[in-house]
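Number of protein chains: 2
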Amino acid sequence: MITADEQRQAQAYAAEQLAAAGIELTDSERDAIEVADFGLSRLREEGLIVLVYVNTDRYCAKELVLYPGQTCPEHRHPPFDGTPGKEETFRCRRGLVTLRVDGRELVLRPGEQFTIPPDTVHSFTAGPDGAVVSEFSSTSRDELDVFTNPNVRRGTVVA
Amino acid sequence: MITADEQRQAQAYAAEQLAAAGIELTDSERDAIEVADFGLSRLREEGLIVLVYVNTDRYCAKELVLYPGQTCPEHRHPPFDGTPGKEETFRCRRGLVTLRVDGRELVLRPGEQFTIPPDTVHSFTAGPDGAVVSEFSSTSRDELDVFTNPNVRRGTVVA
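First to last, the sequence lines map onto chains A and B. Per the working numbering, numbering through the first sequence is continuous, rising by one, with the last residue being 159. Per the working numbering, numbering through the second sequence is continuous, rising by one, with the last residue being 159.
Hint data in this document are derived by calculation from the structure and do not stem from the laboratory. Keep in mind that a hint or two might mislead.
Stated by the list, open to error - Short derived list, chain A residues pointing at chain B, Cβ under 7 Å:
1) Thr26
2) Val54
3) Tyr59
What the hints assert, rightly or not - Computed far set for chain B versus chain A, every beta-carbon distance over 12 Å:
4) Glu6
5) Arg8
6) Gln11
7) Glu45
8) Pro68
9) Glu112
10) Val121
11) Asp129
12) Val157
Heads up, the beta-carbon is just placed ideally off N, CA and C, and yes, glycines get one too.
Next comes chain A alone, as it looks inside the complex (with noise of 0.2 Å):
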């Protein structure tokens, strides 16, 4: 669970590294971005703010802002509809992330990117200064992802 508040500072947050990064919003934009806290209502640990661009049925474009040492806790995206689950590529934009993915660690900058191929267990932490990552995937279905611990709950509520 999150505040109200601790919703719109992130909103304001993301929208500020946003800018910084260069990457211009619309005001409906700005009004959707979405505050993940996966339920475990420590959101400046673990969560991950995030603008949708599009998700069609074929693939879908994101924003992700991290706040400083903020991590999207450990998950996979498992098969669906006949798929084999989605395969993304984080490009980092701003900041640092530490990517571990299937054991691995590699950390990526500005203009550095890794593609995680589908239904393979991961998770991402932004460095000292926050982070700002574009992710380009196959079709997004947040809600069918599966997390590591068991407490996460991908939906978030705002108190």
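Following the hints, put chain B in place on chain A, whose structure we already have.
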């Protein structure tokens, strides 16, 4: 046909425009920027500069860079391999781009986007300051594009 000089200039222009849009590239990406004159030998009027971030058998992401007033000639992305053809979302990052889709015309400014259905004729022209456009799409198979102008050749010959 373009000259090696035209190619180098266009790559340098694209790198500069991408940097101005806040987009960082690796050295190998800078070297891989594709300059297309569509076989028409008047690059500044009809052409396109392309950086492919990723193109898997499921999705694709690119940056498109256009000179001021430059047009990408009318074409469509036909069905292939049992798919309906490439579906693509154009998101303007810098400058301005006028998009003509199936007889309809619309202008995209930074932060604005539009999704073009598969197998639908379209062309686009940059405004007076050029344009940077992010393209998110299903798999890209440029060699299959069908152009309205029969003189177009998708492969660019560098003299």
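Now the hints, each set against the structure:
1. Thr26: holds (5 Å)
2. Val54: holds (5 Å)
3. Tyr59: holds (4 Å)
4. Glu6: At about 25 Å from chain A, B/Glu6 clears the 12 Å cut-off, so the statement holds.
5. Arg8: holds (21 Å)
6. Gln11: Consistent with the label, B/Gln11 stays out of reach of chain A, its closest Cβ about 16 Å off (over 12 Å).
7. Glu45: B/Glu45 is indeed farther than 12 Å from all Cβ atoms of chain A, at 28 Å.
8. Pro68: Correct as stated: the minimum Cβ-Cβ distance to chain A is 20 Å, above 12 Å.
9. Glu112: violated (7 Å)
10. Val121: Fine: 20 Å to the nearest Cβ keeps B/Val121 off the interface.
11. Asp129: holds (15 Å)
12. Val157: Holds, since 30 Å exceeds 12 Å.
Hint 9 alone, counting from the list given before, is not met by this structure.
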